Amino acid sequence: MTNTRDSVPMKRYSVFAVAREGLRYHTGWGRAWRSPAPKKKYDVIIVGAGGHGLATAYYLGKNYGITNVAIIEKGWLGGGNTGRNTTIIRSNYLQDPSAAIYDKALSLYESLSQDLNYNIMFSPRGLIMLAQTHHEVRGYLRTVRANELQGVATKWINAEQVKELCPIINIDGPRYPVMGGLYQERGGTARHDAVAWGYARACSDMGMDIIQKCEVTDVRRENGKVVGVSTTKGDIDCDKLGMVVAGHTSVLAEKAGFRLPIESVALQALVSEPIKPCMDVVVMANTVHGYLSQSDKGEMVIGGGTDSFNNYTQRGSFHHAEETVRALVETFPMISRLKMLRQWGGIVDMTGDRSPIISKTPVDGIFVNCGWGTGGFKAIPGSGWAMAELMAKGHSPLAEEFDMYRFREGKFIDESVAAGVAH
Amino acid sequence: MSNAVSALNGKVATANGVTVRDCGLQGMISMRGTFEDENFFTVLSHIIGLEIPDVRTIVSNGDRSVAWMSPDELLVLVPYADVNGIVAQIEEALQGSHFLAVNVSDARSLIAIEGAGAAEVIAKNVPVDLSAGAFGEGMVRRTRMAQVAAAVWCDGADSYKVICFRSVSTYVFDLLAQSAKDGLVGAL
Amino acid sequence: MLILHCPYCGIDAEETELAAGGEAHLKRATVGDSDAAFEEYLFMRENKKGVHLERWRHAYGCGKWFLAARDTATLEVYGTYPAQTQEPPQEVKDAIRAKHPGWAWKENA
Amino acid sequence: MSTRLSTGGRLINRNKPVEFQFNGKRLKGYEGDTLASALFANDQMMVGRSFKYHRPRGVVASGAEEPNALMNLNSGGRFEPNQRATTQEVYDGLTSTSQNHWPSLEFDIGAINQLFARWLPAGFYYKMFIHPRAFWKHVYEPFIRQSAGLGQVPKEQDADVYEHFYFFCDVMVVGGGVAGLTAAMEAAKSGKKVLVVEQTAAWGGRAVVDGGLIDGESTEAWINQTLAKLADMPNVTLRDRTMASGVYDHGYVLAYERLTDHLADKSGARHRLWRIRAGQIVTATGAIERPLSFAGNDIPGVLLAAAVRDYVVNWGVSVGDRTVVVTNNDDAYRTALALKKAGLSVPAIVDAREGGAGAIGAEAEAAGIRVLKGKGIAKVKGGKRVTGVAICSQAGEGAVLEEIACECVAMSGGWSPVVHLWSHCGGKLVWDDAKVMFRPDVDKGPTGADGKPFVIAAGSANGYLGMAEGLADAAAAGRAAAGVKGEGAPSATDAAEKAVAPVWLMPQGAGPKKRMKAWLDYQNDVKVSDVMLAAQEGYESVEHTKRYTTLGMATDQGKLSNINGLAILSKSLDAPIPAVGTTTFRPPYTPISMGSIGGSARGDLFQPLRRTPMHDWHDGNGVDWEPVGHWRRGYAFVRNGEKVHDAVNREILNVRENVGLLDASTLGKIIVKGPDAGKFLDMLYTNMMSTLPIGKCRYGLMCNENGFLSDDGVVVRLNEDTWLCHTTTGGADRIHGWMEDWLQCEWWDWKVYTANITEQLAQVAVAGPKARKLLESFGGDMDLSKEAFPFMEWREGKLGEFDARIYRISFSGELSYEVAVPASQGAAFWNALLEKGQEFGVMPYGTEAMHIMRAEKGFIMIGDETDGTIIPQDLNLQWALSKKKEDYLGKRAQERSHMADPKRWKLVGVETVDGSVIPDGSHAPAPGTNANGQRNTQGRITSTYYSPTLKKGIAMALVANGPDRMGETIEFQDENGGLIKAKIVDPCFYDKDGEKQNV
Ligand SMILES: Cc1cc2nc3c(=O)[nH]c(=O)nc-3n(C[C@H](O)[C@H](O)[C@H](O)COP(=O)(O)OP(=O)(O)OC[C@H]3O[C@@H](n4cnc5c(N)ncnc54)[C@H](O)[C@@H]3O)c2cc1C
Ligand SMILES: NC(=O)c1ccc[n+]([C@@H]2O[C@H](COP(=O)([O-])OP(=O)(O)OC[C@H]3O[C@@H](n4cnc5c(N)ncnc54)[C@H](O)[C@@H]3O)[C@@H](O)[C@H]2O)c1
Ligand SMILES: Cc1cc2nc3c(=O)[nH]c(=O)nc-3n(C[C@H](O)[C@H](O)[C@H](O)COP(=O)(O)O)c2cc1C
Ligand SMILES: [Zn+2]
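These protein sequence lines are chains A, W, X and P, in that order.
Here our numbering is used: the first residue of the first sequence is 1, the next is one more, and so on.
Here our numbering is used: the first residue of the second sequence is 1001, the next is one more, and so on.
Here our numbering is used: the first residue of the third sequence is 2001, the next is one more, and so on.
Here our numbering is used: the first residue of the fourth sequence is 3001, the next is one more, and so on.
Please keep in mind that the hints were generated in silico from the structure rather than gathered at the bench.
The structure displayed is predicted, hence computed values, not measured ones.
Please note: incorrect hints may appear among the correct ones.
[Unchecked claim] For lysine-lysine, the following DSS-like pairs were computed, each having C-alpha atoms within a straight-line distance of at most 30 Å:
| # | chain 1 | residue 1 | chain 2 | residue 2 |
| --- | --- | --- | --- | --- |
| 1 | A | Lys-233 | P | Lys-3428 |
| 2 | A | Lys-39 | A | Lys-225 |
| 3 | A | Lys-74 | P | Lys-3444 |
| 4 | X | Lys-2049 | A | Lys-360 |
| 5 | A | Lys-163 | P | Lys-3137 |
| 6 | P | Lys-3883 | P | Lys-3992 |
| 7 | P | Lys-3137 | A | Lys-155 |
| 8 | A | Lys-255 | X | Lys-2093 |
| 9 | P | Lys-3643 | P | Lys-3981 |
| 10 | P | Lys-3452 | X | Lys-2048 |
| 11 | P | Lys-3137 | A | Lys-11 |
| 12 | P | Lys-3452 | X | Lys-2093 |
| 13 | A | Lys-225 | A | Lys-255 |
| 14 | X | Lys-2099 | P | Lys-3452 |
| 15 | P | Lys-3679 | P | Lys-3883 |
| 16 | A | Lys-255 | X | Lys-2048 |
| 17 | P | Lys-3951 | P | Lys-3992 |
| 18 | A | Lys-360 | X | Lys-2027 |
| 19 | P | Lys-3903 | A | Lys-360 |
| 20 | A | Lys-233 | X | Lys-2049 |
| 21 | A | Lys-255 | X | Lys-2099 |
| 22 | A | Lys-255 | X | Lys-2027 |
| 23 | P | Lys-3513 | P | Lys-3381 |
| 24 | X | Lys-2049 | A | Lys-213 |
| 25 | A | Lys-360 | A | Lys-393 |
| 26 | A | Lys-411 | P | Lys-3885 |
| 27 | A | Lys-233 | X | Lys-2048 |
| 28 | P | Lys-3452 | A | Lys-74 |
| 29 | X | Lys-2048 | A | Lys-225 |
| 30 | P | Lys-3155 | P | Lys-3025 |
| 31 | P | Lys-3444 | A | Lys-233 |
| 32 | X | Lys-2049 | A | Lys-240 |
| 33 | P | Lys-3891 | P | Lys-3903 |
| 34 | X | Lys-2048 | P | Lys-3444 |
| 35 | P | Lys-3435 | P | Lys-3373 |
| 36 | A | Lys-393 | A | Lys-74 |
| 37 | X | Lys-2027 | P | Lys-3751 |
| 38 | X | Lys-2048 | A | Lys-240 |
When you get a sec, could you build the whole thing from the sequences and use the hints?
Have a look at this one:
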């Protein structure tokens, strides 16, 4: 049993490499990423090795040649929400700034496996958001038209088309018959862990240091400017600091001396036992609160609502999972006789308008990327791209509207525009 | 008022020895005021003929009851036909003080659950300890019944009443009837 | 699945009977206050990993709002108290300090 | 050959034979058999195929931890995939099929994967299928998916029903083994309310099979007596076939009771999900035996040692005539002895420990069993079933010393306490080097609402594998849970045992070839080599290893594999096991049906359906329903031969010409009363309500603190200190809650009471030129004339025999009255209106007609013109924003720069040049693109309809500088990617001067 922490040069992944390695029992594979001790100083420190943090680092290197970068992670990389989300990817958002960044992300996702030389299993199997009330129909039609002008391909499909794409759905549900859906053919899923791993491997290969099991415990400032961080592995200096810690943003911001309009709450998900393929599309049912897709391994992956109280425990209250399952049993009657295999929670960071923040902060040199709440997996490449641009150049058109000061002006990016009321 | 019908119109269902039954039109007055206020207290007990109940209890006498609903709210139960008269009496008597008395008879439904196992039928739907030791005669609990609000009280051995909003009375009735049908647990 | 003690009904109500209402003891900012003060009131929330003072309504029960001091990391509840108060009662503060000796109520931090 | 023995089998009833099917074959078993024991009785060694390589697989365990024997059960509405054969009891008529193979279990094409296994190590797909790009979606992924998945897909609606049950107790004991029963007895003696659940159908756990004496009695006798005593105690509830599935925060436990899964008669609820609140929870959940990692440890016929003895003792079946026992601890010797006792052959006990076993070793040797010490298995021989084993030194690399023919290998790698429930809510574990196990760190249990621990582990679940120490621990746990002091425990003696040895790989120096054949996770095909590869590649965190290899992610959640896997990882990393740690334990303990989670909430009970008093009439009269929250409202009333939209148009024209009826009962109605009610409403509404004269109505707007419009409705002044506020249908509960929030939490010294009386009243809008005539035809004591009852006033009195309050308000633009009667009279009133209205051409109309008519009038609709981002100023509703008031909710917000920005889009009417209808949601593009390359826009449609009144399309839109651009023509998107020209006009399309409504 050999294990070397020395850096074996990274090997390109390909079917040939696997074939070759197979012959020698895979003894030749090197580490996907190095595990270095921290240096004294970096040009840029990114706190948080989730998808967003890693993608930020990756594009700092790739797009701006900034590679003297450390990514500091208190646990294991990808172990935050990136490693526990239901992996839904789409870009058909209503508001311009959202559509821009999510669509950037989607187009980067489409070639990410090749870009990273790591198969992230991006699976554009299509995504349907069900319309089950007249109000939802109107809301989605609005999105379709908005997307048309934003250059985001999406379309409205009728109930029969929904059924055709997803035979296991009950479109004639007695309570909320399916009236149609918003369909994005390019939407789908990706293997969440692989997204983190693929970026990590690429960052490491560019010479960046990913430092795991290292918690940032303080943010050191001098004259209103950041100079470094204190960590469980000692002090590390930097010129610029990117905070990309999702559910823990408030905790870290407090250490840097500023506040953010963020609350941390638990969001839950669960999977069924695996069954043979039966659903080749992702379905979201917002009226009844539940979404469903089938993983490549065969489990039905189910996501639902958030708890309504602040929580850092990565557990949630069972009744939310229950509400979700109830809704899905009604919408997909076949799942009633499947069994729940595992349930879990993640701590998501919710802003006042439920849209993210990618912004400079009151402290010179500190940038923050957070507030992705329940939907930031799909944004990872786009968010990293924009955050890198902001950190490198001080300005990014994709990030501009996601400034943290928008709340003061009363300028919101509200995707939940359905008030859901009628006379 | 010959036209008046209760939302459940006399529905009854029985299974496994438990009967779920619409109690028909029931007079109900929602009373809000300051319980500590002597005047409120005296006027009410004078008109209704009952004391103000303690927290989470109901007091009854014949066809009249008063149930504790919250620290400033009571539910007064009287015969349906008497409600308007009583509301008028209260308004008259409490004039000048800060209170609210409204007729909510038609806004709610009253359902009886009776028979050995009645508590279990309810316990399938409410997050409340309904075991005899914990929830005895004269106790009231406002709570969640499956997905709606309800008030439950015990008015005798194996006898319970449930009040819910009128619009969901069919839901509540069907829920209880189904719970009775699905079998008893044998644990309460 | 939290249980919180409703100070009005005197019962330990489970979360499904309750509705959460966010941070407690907010000071309403309004006409005449600065943009920053108004932003603070509407958006800037205490989001501590630790003690959180928060509002809950016994929505399916008595309908009353009450306040709770709860730990967001351990979910321990240090106490609940009526909503009609400007600051947590002494016994709640004591219970918090027993676990978080350095804790200070924001008004006299 | 596995077979039923002629004697033995304490759990089966040989007088009750049952017939069941497996893969189409009719087989016999006995009542009390599990599907697994019955299959063994019928020599069915192979029961399925593994996930990735489609390897032949047999039963390995005898309980909930089984990873291999997953079955599709039954058919039609009772079809269920992935059911463990080891926990499914057989009954007459049960049908089962094995999974994950094609065309058949014996001949499976997918098994070809085994040939490539070498090239399919952990994580191989991350490294492959990258090029060409399109191939992943169209070629690789479909292929991978097709071969993945286990059970078949249920096709039909579930034929069963499910239910929930709330239960409260002081002490909940999980596990009905001797530890659980002991703890329960101690707790129960205190008088506390105790619930005991056991997942299987049999009480007693392992003890009966393992033998020994408790209080001088046989374990079986002791268990029966204890059970009988507990059953007699009024404060104790005992439940078998009930699995505690999860421990959640604040002492909430879910337990899953399987009521009919073991019965041919399926009536009543199938599963009952108990929602338990327990003061203290005792987890006496036992321990699970670990496999040993040697080459070929997955071949059918290799079982856990304790399972082999369970099959013999509990069900009277032998897995094979000759069983080789391989172990690193003393317990497995019991299997050898039990087999011997049953007359079966045990060619050898292979003990990896140089020193062999304690007292029981001598016992085995005395029974004539050959014990090989310091030895291991080099390799299991066989394909679809075991044919023999090759023996080697444990210390070496696997040179074969001898081969022994056998049909069964009984392996034991030691025992792991079942710590799942302890851990679900944060209970911590410690690694016990001596016992080679993770056990609960008793000082770090999960804590509850009071900050104190609420779970106590007991017996073998707490790491006390010996009977005597386990009983002592359990008795103490029971007392601690009940909060009583005391001493003593049922007595037993533990024979001197030799310590278990940490044997994680067999032989210790096994090379790559062997490691590729040594399974850790049977179902997911994770081998020792995979975990080592993960470590080598830097997936060092146990969580990375889990996710990279899928170790422990199968339906058994690693009950057998996790500890072995992390031990291999720790060796690969050269780090101690506790430093590597475990992955997170998550509920459920074993999978629970989605049906049970949903409970009775399905079909009609899926959600509450709110009905108005007139609901039944609508239902019987062509209604096309529209869900609004939990209410259902009539969208239109369709007559024979009509399409929905024909009905809508007819309804509108009829209101405009005759008279229509709208069931408006769902509108929120909130009483606001008290000396400070006026002041309160002035804060809530943007306009002034305190000045509203008694007898009058006023339309009001409400904003949230962010300044956005949240609701609107007509406010009525009933008397000096009482107002009645109408809200939207969806707003009633929300606004009532909103009012209480402000009254209780901000202005608690204001004297105001509110009451939501929405459902007290049935309300009908009677609208149309003939509305007055229709109402007058009822007679009564109210003068409804124009002069006596002007617009925006209300009256109360008798309308015929009905007690009515009438508001003269209009949302349609016609002469209109809204009449409220007590809800109990609503149906009668509706019928009376229809009857008396016949001569006036009365027709009911639905929400869509109402929507269109208000749009014709240019009235806004919450939810159409507003979407949570709209302020009154956007809708030109400045007139409703009181300038006299210092403050109202939302006022400060509306002063912020973005809200006061003149560039905000404003409401206008829009009319297409060609009279067509603009599609819903259409935007008006503007020249150029923004910084992100998106087309600029200058407005969007908020409502758009065909107006049957005006016979053309009409719409409302929010447009940049809209009100200043009256008459201008701009372009909106059409349905096909093109544009439609439309003119900006006044939003009021119909009767601008209000002549119709003021008649
Ligand atoms: C159950 C669930 C389902 C979801 N479903 C979807 C979905 O279907 N589609 C979708 O698009 N999105 C979904 N999301 C949201 C999505 O997962 C997140 O928005 C996204 O993963 C956030 O990525 P991140 O990199 O910002 O955060 P994370 O992945 O959480 O990474 C932040 C990292 O920061 C680390 N960290 C925190 N504090 C410190 C510190 N002081 N020092 C060092 N490191 C620190 C954390 O350990 C963590 O690893 C879901 C989320 C959850 C919880
Ligand atoms: N010497 C050894 O190596 C060794 C190892 C293991 C067990 N044992 C013997 O086993 C016995 C231990 O007794 P015990 O009572 O601690 O354990 P046990 O295994 O006998 O009983 C535990 C019981 O809990 C049940 N259970 C587990 N999880 C459950 C859940 N989530 N919900 C409901 N039920 C659940 C199991 O079905 C089982 O009946 C003793 O006889 C002991 O000597 C010995
Ligand atoms: C898309 C997706 C699919 C998953 N599939 C499985 C699965 O098949 N088996 C399993 O045990 N867990 C599965 N999980 C859950 C993980 O085991 C784990 O619970 C989750 O990543 C959260 O981590 P934690 O439970 O360690 O906190 C899946 C998670 C995700 C996000
Ligand atoms: Zn209460």
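Okay, the hints, checked on the actual structure:
1. Only pairs whose Cα atoms come within 30 Å are accepted, and Lys-233/A paired with Lys-3428/P is accepted, the gap being roughly 24 Å.
2. Pair hint Lys-39/A plus Lys-225/A holds up; C-alpha atoms about 21 Å apart against a cutoff of 30 Å.
3. For the hint pairing Lys-74/A with Lys-3444/P, the CA-to-CA distance comes to about 22 Å; that is within 30 Å, so the pair holds.
4. Note on Lys-2049/X and Lys-360/A: the hinted pairing holds, with a Cα-Cα distance of about 24 Å set against a maximum of 30 Å.
5. Proximity of Lys-163/A to Lys-3137/P is assessed by CA-CA distance (about 21 Å); at most 30 Å being required, the pair is judged to hold.
6. Annotation: proposed proximity of Lys-3883/P to Lys-3992/P holds, straight-line Cα distance about 26 Å (limit 30 Å).
7. Annotation: proposed proximity of Lys-3137/P to Lys-155/A holds, straight-line Cα distance about 21 Å (limit 30 Å).
8. Proposed proximity of Lys-255/A and Lys-2093/X is supported: the alpha carbons are some 24 Å apart, at most 30 Å.
9. Taking the CA atoms of Lys-3643/P and Lys-3981/P, the gap is near 29 Å; set against the 30 Å cutoff, the hint holds.
10. This hinted pair checks out: Lys-3452/P and Lys-2048/X have alpha carbons roughly 21 Å apart, not beyond 30 Å.
11. Under the criterion of a C-alpha separation no larger than 30 Å, the hint pairing Lys-3137/P with Lys-11/A is consistent with the structure, at around 25 Å.
12. The straight-line distance between the Cα atoms of Lys-3452/P and Lys-2093/X is roughly 18 Å, inside the 30 Å bound, and the hint therefore holds.
13. Taken as a hint, the Lys-225/A and Lys-255/A pair is honoured in the structure, with Cα atoms around 13 Å apart against an allowance of 30 Å.
14. As the CA atoms of Lys-2099/X and Lys-3452/P are separated by approximately 12 Å, the hinted pair is consistent with the 30 Å bound.
15. Between Lys-3679/P and Lys-3883/P, the direct Cα distance comes to roughly 15 Å. Compliance with the 30 Å bound is thereby established for this hinted pair.
16. For the given pair, Lys-255/A sits about 12 Å from Lys-2048/X by alpha-carbon distance, which is consistent with the 30 Å threshold.
17. The suggested pairing of Lys-3951/P with Lys-3992/P holds, with an alpha-carbon distance near 17 Å, which does not exceed 30 Å.
18. Our distance criterion of 30 Å between C-alpha atoms is met by Lys-360/A and Lys-2027/X, whose separation comes to about 28 Å.
19. Using a Cα cut-off of 30 Å, the hinted pair Lys-3903/P and Lys-360/A holds, with the two alpha carbons roughly 26 Å apart.
20. Taking the CA atoms of Lys-233/A and Lys-2049/X, the gap is near 22 Å; set against the 30 Å cutoff, the hint holds.
21. For the hint pairing Lys-255/A with Lys-2099/X, the CA-to-CA distance comes to about 21 Å; that is within 30 Å, so the pair holds.
22. Simply put, Lys-255/A and Lys-2027/X have alpha-carbon atoms about 24 Å apart, close enough for the 30 Å limit, and the pair holds.
23. Distance hint between Lys-3513/P and Lys-3381/P is fulfilled; the C-alpha atoms sit about 15 Å from each other, no more than 30 Å.
24. The suggested pairing of Lys-2049/X with Lys-213/A holds, with an alpha-carbon distance near 19 Å, which does not exceed 30 Å.
25. Proposed proximity of Lys-360/A and Lys-393/A is supported: the alpha carbons are some 12 Å apart, at most 30 Å.
26. The straight-line distance between the Cα atoms of Lys-411/A and Lys-3885/P is roughly 25 Å, inside the 30 Å bound, and the hint therefore holds.
27. As the CA atoms of Lys-233/A and Lys-2048/X are separated by approximately 24 Å, the hinted pair is consistent with the 30 Å bound.
28. Only pairs whose Cα atoms come within 30 Å are accepted, and Lys-3452/P paired with Lys-74/A is accepted, the gap being roughly 28 Å.
29. Restraint check: the Cα-Cα separation between Lys-2048/X and Lys-225/A comes to about 24 Å, which is no more than 30 Å; the hinted pair holds.
30. A C-alpha spacing of about 23 Å is found between Lys-3155/P and Lys-3025/P, which places the hinted pair at or below 30 Å, so the restraint holds.
31. Pair hint Lys-3444/P plus Lys-233/A holds up; C-alpha atoms about 26 Å apart against a cutoff of 30 Å.
32. Taking the CA atoms of Lys-2049/X and Lys-240/A, the gap is about 26 Å. The hint holds against a cut of 30 Å.
33. Our distance criterion of 30 Å between C-alpha atoms is met by Lys-3891/P and Lys-3903/P, whose separation comes to about 19 Å.
34. A hinted pair counts as satisfied when its Cα atoms are at most 30 Å apart, and Lys-2048/X with Lys-3444/P qualifies at roughly 23 Å.
35. In summary, the hint linking Lys-3435/P to Lys-3373/P is supported, as the alpha carbons are separated by about 20 Å, within the 30 Å threshold.
36. About 28 Å separates the Cα atoms of Lys-393/A and Lys-74/A, which keeps this hinted pair within 30 Å; it holds.
37. For a cut-off of 30 Å, the pair hint linking Lys-2027/X to Lys-3751/P stands: about 21 Å separates their Cα positions.
38. Restraint check for Lys-2048/X and Lys-240/A: the C-alpha separation of about 25 Å stays at or below 30 Å, so the hint holds.
Consistency note: the structure conflicts with none of the earlier hints.
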